[in-house]
Structure formats: structure tokens, C-alpha cells
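All chains should be built: construct the whole structure from the sequences, respecting the hints.
Chains as they are written, first to last, in the working numbering: chain F, 89 to 337; chain W, -4 to 299.
The set of hints was computed from the structure by calculation and includes no laboratory data. Idealized CB from N, CA, C, for every residue including glycine. Some hints here could point you the wrong way.
Footprint (simulated), chain W over chain F, 3 or more residues, beta carbon under 8 Å [stated by the list, open to error]:
1) 104 to 115
2) 140 to 152
Once the Cα atoms are required to be at most 25 Å apart in a straight line, the calculated BS3-like pairs of lysine-lysine come out as [to be verified]:
3) W:Lys113 - W:Lys75
4) W:Lys273 - F:Lys94
5) F:Lys157 - F:Lys282
6) W:Lys113 - F:Lys94
7) W:Lys75 - W:Lys90
8) F:Lys319 - W:Lys75
9) F:Lys313 - W:Lys83
Sample of chain W residues with no beta-carbon within 12 Å of chain F, all distances over it, derived [claimed, not checked]:
10) Thr18
11) Leu44
12) Pro53
13) Gly118
14) Ser142
15) Ala145
16) Arg148
17) Ala178
18) Asp182
19) Leu203
20) Ala215
21) Ile233
22) Leu265
23) Asp267
24) Pro279
25) Val281
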Amino acid sequence: MNARMKQRFLTIKENEPIARGVFRMVLQGDVSAVTTPGQFVNLALDGRFLRRPISVCDRSEDTVTILYKVVGQGTAQMAEMRTGRTLDVLTGLGNGFDVSAAKGATLLIGGGIGAAPLYWLARSLRENGVRATAVLGFNTESDIYYESEFSAICDGTVIATADGSRGVRGFVTDAMKDLQYDYFYTCGPEPMLKAVFHASASDGQFSFEERMGCGFGACMGCTCKTVSGWKRICRDGPVLRKGELTWED
Amino acid sequence: MGRLSVDLCGIELDNPIIPASGTFGYGYEFAELYDINVLGTFSFKGTTLQPRYGNPTPRIAETPSGMLNAVGLQNPGVEKVIAEELPKLKRCFHKPVMANISGFSIEEYEAVSALLDKEEQVGWLEVNISCPNVHGGAMSFGTDPESAAAVTRAVKAVTRKPVIVKLTPNVTDICEIARACEAAGADGLSLINTLLCMRIDLKTKRPLLANGTGGLSGPALLPLAVRMVYQVARAVRIPVVGLGGVSRAEDVLELMLAGATAVQVGAANLVDPFACKKIIEALPEVMDRCGIDRLTDIIGQAAR
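In C-alpha cells form, the structure reads like this:
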């Protein structure tokens, strides 16, 4: 069981573009409720009724780093925010990855902005002595972020681009073909997760995204069906185990 | 009785604040965050006879000053609620709870009510005849006075607990429905449920919600709720529970001035899980500022 969710006011220490339409925001304050890679925070934005759930990319003693892609009005508003202002944040949401489940050679398979939570996971695996290889898929070269960051802490980093402008031409599943692995973790758009589910040769964990109302299990807005019953992506997830998924053809 | 306390159908509430059904689960997610015994009571997740998964996702969309939901009455079914949820609730909530029920036939409303009538912790039955997100049930009972009365009569026949009928704003004349429920024996009314709405995704050019339509909640609803509570409170003699867009202590006072005996808080719980606690804590100071001694003094004052 994770620590309880906390509502905290965090200060923006950094908010900078790191790739085409992708920003890194560092938030400082009491982040003690954020305990596990794969958890997310839920940000209140002025003038927007619903919060914005964003996964945690990294954590230090008193900061969380989030990466976000500008896709709508909320994220566009975030991109305009100056350092020094405070945000109302629900911290420590979701179950996060089970880091202890990794065994042997481990793949971290990320698609687009979905690669973000795999970074803190990679750091945690490294601390546990697990050998991890990052497989990161993007649409095109200008979308790539955190390649050197992953390279610094992973045994290897393989880039795939859909248009072939960098690395393997195609999807992460194309890049996975030649790799040997015993376990994997993945996060990305649902079509990618589905492709990884069918292409993967080992057990693994999947981190999902869904439109959420509350982010902490109250509204039933993000429920999905699994082998072990109905699950709320926000509270019982966002990480589900491969064996729980109902994508068998 | 304290400054904040009110009487709702013969049961005293320490304060009029009631988290609305569907925004508070069965209570224990919030009990992890604060002592939920500070609440007047709360209305638990709408419960049906059979388990219901609800609608496909996306079930949620944002709107200016609010949100749409099309959850579709996801719940584990009344038997599991009684066997699993209520025992868990009993450990963290020691007051009578409001049991929100829904159905697809009069017989279903009757069956669920009869089962929950036996539960000691249930103080009131709140009969939802107003959910806009399911087909062939719920709201279709709430848009026709005769059907609304038939559900009310059927539930009243199987319970001795106070019956509060939850009304939809998606009607031409809400007073007509309110009077029909009162005549059929309702002990109270709660209003308003969500307003039937739609949003369309500019990228896909399709409705944003998988269900197509959804119910609007959030601050956008407040003036509609105030108007309807004002009208209904003058049309019936039974107590009215006001809800719709409440997020501050000031909103509570506004609905009570319009005629509400108690006030439910819905969507606000989803964006601030501490919303109800903050409203309860803010009430005495806001009452002082407005020259209000006791809340019971202002119920319906705007119409007098």
C-alpha cells in the first residue's frame, strides 16, 4: 500500500521545452506522498475545472519532475507558466510499477510522452542491480527527448522512429525483435501497449492513460475490465500486469 | 441543536453538507483523507439490483465551469454493497447514511429498496429517477409525473425509512414532477441531477464521450439549481435537498435561501477531495459575515 495521497502546494522551479512540444517541469515542496515510479500527480490549473493527471518522471528529496506534451488548452497553459509560482497538486496517486518484479534482462518500452515515467523506474531498477535496456519510440527525430538521460543509466538505449529519421524505422515492436529479455515495463498510447502485449515474449507491466475525473478512485470515470475484475486506472492502476489484461485474441 | 444543524425528514444532521451520490464512492476513499464523520451524512454510489459495469470510456469530459460524466451507474450490485461495502463503511462512518438507488423497472426499485430497508446504517433512501446516462431506466421515470409517482409509491410500500426522490432538471416543468412525487408519498426531494449535454472532439469530429451524451455537473449548474430549488420548495411541503454546482459555503447559503433544507456537494469533491470538509469549516464564518445566526432560520427565506 502506498502512502496516502496528499494535497500540496508545489513551486515551479523549472519549466523548459526539451523536444518539439514537450516540456519538463520541476516542482518543489513536500513530495513525500510520491513513493513509487509510475505514480502520477494531478495538477489544478486556473480556469480549468478538472485537474491534469501527469506521471512522475523523476523524484528527489524535495522535487518531482514531470514531462508533458502540449496537446490541448490545459497543457498549453502549463507551457506558459513561469518559475516561482505555486500549483495546487494532488500528489502520490496511483499504484506505480512493481520494481521488485523485474528479473534478468529487463526492457523499458516507452512510446512518445509515455517514456517519461520509465526514467525514474530505470533509476530504481539500477539501484536494485537490474540490467535494463530502454526502447523508446517516437514519430520523428524532433520528438526525441531524454535519450542521453536513459543512456546514462541503462545498459542500452534503442530509438525507433515511425518515419525512420533516427534509429530503427518503425515502432517499438520492430526495435524489440532483436532483443533478448526476461521481463519488461511499458508505457505509451494504447495502440502501442496492445502491440507490445502481442509482440512480447515475456511477462511485464503496462501503464495506462485514460481521461479521468478525480484521479483518486471516487468517480469511476476511468474504469476498465481486467481478468481480475473492474479496475480504476487512477487508483487500482495506472499499472496493470500483463496477466490481468483482456486483449487475448 | 447547533447553528449548523438541520432536520432532514426526522433525522437531525449536524450540518447540512452531504456529498452527492457518485462523487464519494462508498466513503472510504475519503475516509483515508479526513474523518468523514464531520459530514452531515453522505449519499453513496447509486446502487442497482444487478452489478453494472457502466458505459465504455471515455466517460469524462471537461466543460467551461464543469464537467460531463457518462459513467452509467457502475456499481457492484445491491447484494455486494450490503455484504462488502456497508461493513467497510461502518468502520469509518458512524452516522446514518443516505442510500442512493436506481433501477430499470419499478420492480427493481422495489427489490433494491426492500433489501436496503433492512440495513441499520441506512437513514434515508434516495431514489434516483434522474440518471441521464443509462438507457431504458432511471431518467425516463423522472421525466413523466405518473412514472415518478409509481416508483415513489412502490418504494414507499417496502420501506419505513424516509424516501427522498432525486429529480432531473431535464424536464419542462420540474414542479409538476415534484408534486406528483409528494402526492405519491415521498418524504423529501433532492434536486438537481445532472443536465444532459454533449461535447464534440475537434480532432476526431465525433462526440467526446463514448456514450455520446453525458450529464453536466460543476459550478455551471449552480444558478439552474437555485432556480429549480426555489420553484420546487414553493410547490411542495416536503423538505428539498438542493444540489448542483456547489463548491463554496456561500453556495450552500444560496441554495438554503432558495428553499433547501440540506445541500449536496457533487463534482467539487472530484477536484478537491477536501471540498466538503472545507465548506463545513467555512460555514460559521460566512454565516457571521452574512448576519445568519442559525441555518434553519434561512431555509426558503428568499421566497418569503
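Leu44 of chain W clear of chain F by more than 12 Å, beta carbon to beta carbon?
18 Å, holds
Looking at Val281 of chain W again, its CB stays over 12 Å from all of chain F?
Since the minimum Cβ distance to chain F is about 21 Å, Val281 of chain W lies beyond 12 Å and the statement holds.
Examine each Cβ of chain F, and state whether all of them lie more than 12 Å from the Cβ of Ala178 of chain W.
34 Å, holds
Holds or violated: are the alpha carbons of Lys113 of chain W and Lys75 of chain W at most 25 Å from each other?
It holds: about 15 Å lies between the C-alpha atoms, which stays within 25 Å.
Thr18 of chain W: least C-beta distance to chain F exceeds 12 Å?
With a cut-off of 12 Å, Thr18 of chain W comes too close to chain F, as the shortest Cβ separation is near 6 Å.
Checking C-beta pairs, does the stretch 140 to 152 of chain F have three or more residues closer than 8 Å to chain W?
violated (count 0)
Are Lys75 of chain W and Lys90 of chain W close enough, with their CA atoms no more than 25 Å apart?
Holds - the C-alpha atoms of Lys90 of chain W and Lys75 of chain W are around 21 Å apart, at most 25 Å.
CA of Lys319 of chain F to CA of Lys75 of chain W, is that 25 Å or under?
Answer holds: Lys319 of chain F to Lys75 of chain W is near 16 Å, not above 25 Å.
Hey, Lys157 of chain F versus Lys282 of chain F, does the alpha-carbon distance stay inside 25 Å?
22 Å, holds
Quickly compare the C-alpha distance for Lys113 of chain W and Lys94 of chain F to 25 Å and report which way the hint goes.
Violated - the C-alpha atoms of Lys94 of chain F and Lys113 of chain W are around 37 Å apart, more than 25 Å.
Against chain F, does Ala215 of chain W keep a CB gap of more than 12 Å to every residue?
9 Å, violated
Would Gly118 of chain W pass as off the interface with chain F, using Cβ distances and a cut of 12 Å?
Label holds. Min Cβ-Cβ 21 Å, cutoff 12 Å.
Of the numbered hints listed earlier, those contradicted by the structure are 1, 2, 6, 10, 12, 19, 20, 22, 23.
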